[in-house]
Amino acid sequence: MMQTKEDWDLIIRPRSKWFQLDLHAIWKYRDLLMLLVKRDFVAVYKQTILGPLWFFIQPVLTALTFTFIFGRVAQLSTEKMPPMAFYLAGITLWTYFSDCFIKTSNTFIANAGVFGKVYFPRLIIPLSILVSNLMKLGIQFLIFLCVWMYYYNTTDKIHPQWQYMWVLPILIIMMAGLGFGFGVLISSLTTKYRDFTFLIGFGVQLLMYGSSIVLPISTMSPKVQFLMKLNPLTSVIEGFKFIFLGSGFFEFNWLLYCFGFMIVLVALSVIIFNKVEKSFMDTV
Amino acid sequence: MSNTVIKVEGLGKQYRLGKVGAATLSSDLNRWIAKVRGKEDPNLKIGEVNDRTKVSTSNLVWALKDINFEVKQGDVLGIIGKNGAGKSTLLKILSRVTAPTIGDIKVKGRIASLLEVGTGFHPELSGRENIYLNGAILGMTKQEIKNKFDEIVDFSGVERYIDTPVKRYSSGMYVRLAFAVAAHLEPEILIVDEVLAVGDAEFQKKCLGKMKDVSGQGRTVLFVSHNMAAVKGLCTTGIVLEQGTIKFNGTSEGAIDFYSRSAYNLSEIPLEERKDRKGNGKLRIKDIIYVNNLGTRVGDLTSGEYYKIQFQFERYQQIDLKQLTFVLQFKNESDEIVTTIATDEQGTVFNTIGNTGCFEIEIPRLNFREGRYLINFMISEKLSFNTPHVTIDYLADAATMNVIRGDYWNSGILNRPKGFIQESSIKIIDL
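From first to last, the protein sequence lines are chains A and B.
Just so you know, the first sequence maps onto residues 1 to 284 in this note's numbering.
Just so you know, the second sequence maps onto residues 1001 to 1431 in this note's numbering.
Isolated chain B (complex conformation) (with noise of 0.2 Å):
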């Protein structure tokens, strides 16, 4: 069972930012002509000299670049990384929907892909002739929908809609319909993007099952996702794709352990030193503190404590204080915002502020409980009413948050860990 059945080779994917289209069609006349004439494309010349002495000007993107991988027979491989890494593009390119810019891929098997569910469902047909209908676009033969016509009909738990248009459909339904479709699906290779996000929990659970059967038949699965628990459960490689490069490939667990890993040393490094900032730089943040009750810079917070975070700046230019918006992110190790602190959200407006000084940020009782966030932080400043935010300074992944389990309640009892500590109080009170 251990045969290749996709080999990624030197693939890469290059994209055109900005307008596409207007006043090119005397650009690809000339281009058009040339290559019939067998000359060099004008065009291209052009494009190669701004790529090579000016990388930073170009528009011209590397979206995937240099990826190079091979998948096993019976692999189900995890595709992790952050927004704009390129996975996104990486299944497009292996659903056939785009093509590479170069390298190739070659693969053994029939390939089916599930980018979104319920594509091309008419909302005018009903739920049995969308079945059809979709089954055929994501590649099946109406011989096989009709065989697994009641398994499918049965798995979307629709039954009583069946001969309903659609458009009639609750939001649930639909992607119920719509899931129970492609998991019937019986390709040797499935590609599968992040569609376990939707339904309940309960048909969550059956997603996963089902895509668990798939993959326990010695099909080969490719699964991309923010879920990290699903990652783990679901996969046994990974590849972590970085800003269009594959970053680490190995086993699952080595590829989530990667992961969290980078995102965390990320922000080990002092803050002074990161190229990854964005905004205009009238004001930088230079340090993120914690501090405790006794005004003592802490490492690790404690739930249920007291404590300060500051943000320590230095500022360089003007800045107008009732414009100015401080936003503060908290993630958790699967790089989900948990919560946000606004300062418009608060209605807060700075009255002053001076060259150098520190936001600080009061918290009377920390109410996570124990786990490592990430901070992402973002100032802003609105120029005129009509205008978005101009960022000042952003950074994600800025700092980590170590929190240790505490006793909120003063109970004598230790809090369990991750989310959130709610306040309340039980009791039992007779009917």
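This is chain A alone, in the form it adopts within the complex (with noise of 0.2 Å):
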């Protein structure tokens, strides 16, 4: 016990450090996360007939709607794909973006009771949200795979791109980081501004149709396709119909905005997040 004045394990000023990402103190509570993502998958299906089965019944059904409305009644176009191969192409990325985002964006409201109590690096919240969607996000993957299987063994309309398949891990996790950026950064604001909370379910919407998600970038102008391009959202997604099918926009110089895009956007959105950790619980 011999310690010297200046040993102190923890000091508690006004403010922290501009940039501040306490890897060992998240590392430190690595159970907390995991069990914060069990909880996320356990407690979802709790008291519901089908159970875990919805994780499957969800997509499917997102993406016949699509398969039907767009492709069917309104015709658009597919780049030639089979339309139901092609709309989960897009949705499976998709998915995972929307949900993290619009998960991650409620951290701080949908947390202030446990925040207010307990001291935690709070970044685990977000991360755990992260870490439970690829669970989701694995699943659908999966029936993305089914449906892709059976249209490449019954059709040849199917080109897979066998040689850029390491390029999906990086898809996603631009994709992990760009939910986790916009949601983190707009759960900081809303702390203070609720009015961002209303944006969210207006803005993914949108967000989705300027994604190429339902049209494929080809069908356009130039111009527009230009405009498509700076939506960071655009290029994976994709890069993924390319891998997969054959069909869509892949290109490295794009890819690379995309990737340096993300990056900017986690740096600058945990700035802003640890601004408000420490003093949230008087705004919120």
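Because the hints were derived from the structure by calculation, they are not lab data.
No incorrect hints appear here.
With a cut-off of at most 30 Å between alpha-carbon atoms, the simulated BS3-like pairs for lysine-lysine come out as follows: (1) Lys1167/B <-> Lys46/A; (2) Lys1108/B <-> Lys275/A; (3) Lys1082/B <-> Lys1007/B.
Relying on the hints, combine the two individually framed chains into one complex.
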């Protein structure tokens, strides 16, 4: 017990450092992260009859709806791909992004009760959302693979680009980063200005149409195409389609732009999050 | 064992009153742009001026100011003070739930705070799942919880329901389980906020015992409570907070003594000189006196006797008598309200009121047992049917009432102290 005067384990100060990503603390709380993931997963289907089956039913129904409305009724282009495979390819990664985005954007408000009573690294909550949605993504990806295999074996419309398969994990990381970044940014702002909560539902809807989920960018004029490519989600989703279906748009320069965008966004959101987390209990 | 484990220096916390947020996005942007350009914050300047020149009209308040203290290893520190004295704010800062405005706190060792039991419990999950989740939120690792799992379940006494969702639990079971998890935390420093005020008497005893164990192991505990008995039993040192500053820092007995004396001292000040009144002042209570059955003014009261308590007033403005309500509260030495006398409850409507006079409360037989009681009074009026009460005159700790032992039952035996004398009779009947 020979400790010098300056040997403190923790110093509580008014302001934290400008950019402080305490990975060590987050690592210490990794059990909490996993338990939160488990909670999210289990609590969703408690008291339902179909249970975890809902994770399968949801994306299939969405894809069917898209196939019917956009494919059959509106007769929108699917770049000569089987509509079911085309829409599922778009939805799979998009759902991951939108789920991460919507749920993390609620971090502070939904957890105000817990945050007001106990300290733990606040970033654990958005991180746990990323991980728990990753499982959901896995399930949806499996569904997509089944449909894809079916068309791959029965038709000759699908041309997977095997040599680019290694890009897939990077695409997923980018989606995670974008969902996290936007979500955390919004959640930090909502502690003071609740207006943003109203914008999100609407904004996500708009963003979906602006991310070539429904309309492939090949059907657009070059000017609109350029604008669409500025949206980092477009390249990711088109890239996914390209890898598995052989249609769509795939260019490394644009993917690099998206990656840079994601890194800047994540850094910015963590800075703002750090600023907010210290005193948000006073304003929420 | 005289290591300092917590050192608080110049700590202060400022809150802004009133609306937060609305219409400040632009001012926030201004502030941010100014900061980026390395200029002074334009809004802060305004705030500073307001704060210094006209403090009374400023909407910034210091919930805590100039807090300095040290806690040594193994100390059990009791933090006492009235509601609004800043106890909870201090705990929140220590628990890192919110950041201080100025000053800093240095801590040695792992710190765990219990501001509430059952934080993060999910109603759909079973007791078992919630033990893991709650434990992890409080800072335990999965392995630690696993090792203590049986102990926790045993302590809570809800073995039978451990796989039932906690939403099906009774509130008592819920609290037991929640406290059981918290009680098995093993931090070097534990911060506890009145969680003991839950559960039945047996369970409370168990909790206090557990807290004693914790402090017995040489760990440091910070304990905030209104319960003077619990503070006396548990704590070694004590701090008294009053209006955001430390008024006393020393032993726990000293702190309790100081705390109760400060309340009683206040009540010794003549009412006319009291500065802490609230209300619109249409009427003011000038003095409070006790009169016995012979009409003589008395200092101490005896259980079982006849008394009148007179609240002498001066009236300055018209008051609608139909709306006039008079409420009287009695508090014991632990600052707990023991009983209330209220005119609205009794259905009393006053008929006349002069410019000077007194509210007279007639007590046929005093039911209070021996003790020192503090009196709060509130006189209010209701302006219309839908509006809340408007306070005319309110004062907490307005007077003390000293009650000494009497012979309530005329049995020749003096009544025991504390609490009330219940009108009753006892006999044996055959069954």
